[in-house]
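Colleague: One line per chain: the protein sequences are A and B, in this order.
Per my numbering, the first sequence starts with residue 976, numbered consecutively.
Per my numbering, the second sequence starts with residue 83, numbered consecutively.
You may find that some hints are simply not true.
To be verified - List of simulated lysine-lysine pairs, DSSO-like, C-alpha gap at most 27 Å:
| # | chain 1 | residue 1 | chain 2 | residue 2 |
| --- | --- | --- | --- | --- |
| 1 | B | K198 | A | K1226 |
| 2 | A | K1209 | B | K198 |
| 3 | A | K1075 | A | K979 |
| 4 | A | K1248 | A | K1277 |
| 5 | A | K1279 | B | K188 |
Calculated from the structure, these hints are not laboratory results.
For clarity, every value in this text was computed on a predicted model and none was experimentally measured.
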Amino acid sequence: MSIKGKAYIAGIYEHPTRLAKDISLAQIHAQCAKGALEDAGLTKDDVDGYFCAGDAPGLGPMSMVEYMGLKPRHVDSTDTGGSSYVLHVGHAAEAIAAGKCKVALITLAGRPRAEGMATGTVPRSRGGTPTPDEPFEFPYGPTVVNMYAMCAMRHMHEFGTTSEQLAWIKVAASHHAQHNPHALLRDVVTVEEVVNSPMISDPLHRLDCCVITDGGGAIVVVAPEIAAKLKRPKVKLIGAGEFVKTQMGGKVDLTYSGARFSGAAAFAEAGVKPADIKYASIYDSFTITVLMQLEDLGFCEKGKGGAFVADGNLIAGTGKLPFNTDGGGLCSNHPGNRGGLTKVLEAVRQLRGEAHPAVQVKNCNLAVAHGTGGSLGLRHGSATVILERE
Amino acid sequence: MAAQERKLPAPAVSQETQAYWDAAATGKLLVRKCTSCGQAHHYPRTICPFCFSDKTEWIEASGKGTLYSYSVMRRAPVPYAMAYVTLAEGPRMVTNIVDCDFDKLKCEQAVKLVFKATDGGPPLPMFTPA
């Protein structure tokens, strides 16, 4: 069974906050849910499927189902880190295609800034019963940033990728963020500014890293017969793929990501090629994340990502592949340290023609949204969706 | 003034990996090898992640390896070099590179095994330029 054409994204919402000192975690989830349902023209009582990940308070979906007064007949709290919500779009379509629900709500929220969390630079044990990998990793000091940095270091070694090429990814994101009034960082930066920013973990500089923000978002995925009755532009899901990439028992290869498999599955299901894509939302926890995923999704050959992203090729209006036109995680928002949901949101805005006029891609009828969750250098979940304007 | 020492947390020893950590305490690095498919893996499991056979055994690693990738964590109280080392026996393991000038590290350089004490637990296998 394929999910192609079996579900539509009918409603989206991105919380405008980037610092949620006076808002609770559950409140952000609910505000986002309300915003996305209103965007779709649906009500809370229309929701019969609920999807969330580990950022939701409580055990799986249950606390938020209770808080929001939902009565779902289908729930899914699969957690693949920041890629969860891209994966949830695919799972929602599967559930809808199987008749298990008709209106699926996906929510995300987080408050790492308000909570003063040292997100990227401090090793964290998960606590409780250790995972089997933990004793062989945690004592050595893996952090978010140094495990992505090791991917960048190996990429540079094998393919000659440079810090200047990586910097172009941040530069492109900053060109887009200047038009987003909610973006945390709105100043346009140069390649020189990126490579001269402080080194955090070689070879990643401060400006190779994404922002740390509070906030959240929500997505409403509906059955075709529901979408037909709604007034919003129709955004159809035509392909989805997911994968979990690991260290493979000691055969780890840091030069590629799970996008190689999730992307191939999504493109095959959709029956389209990377060259057909008009706009790409690419997970951007770090500049290297974007570069590797672009290669793995097939936008360029493996190892040629540096040349592909250089010279503004990702900037809307001038480049061949406009990416993350909201400013992405690198400049605008990375709510709860989980950036997959906002990737779907900007893809939907582009397909609806509702992106900022300065970055709106002309005749945008086909887009990809891709997420990576967990740690690119240890183990990560990949999820890809391909969306079409109908 | 002596450089600030980096305090290493003790690894959480499980029943499955007790022998690995007992060996570490005597200065030996063990690798788990499958007698069915002949491949060594890391981190160690009793069931082979390649062929799913439960016929696995410990072998002692030579302590020789090459640096697959690394990153110097500059924003830590005491900077350290996170790394993947490819063991001569095959598997790549998460580790640290120690006792050297971090600015001179290069991918694929030869490294050799050393152990570093942890805070109340068995020592950790790490590597230094050979």
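Colleague: Any hints this thing doesn't respect? Which numbers, in order?
Modeller: Hint 2 alone not satisfied by this model.
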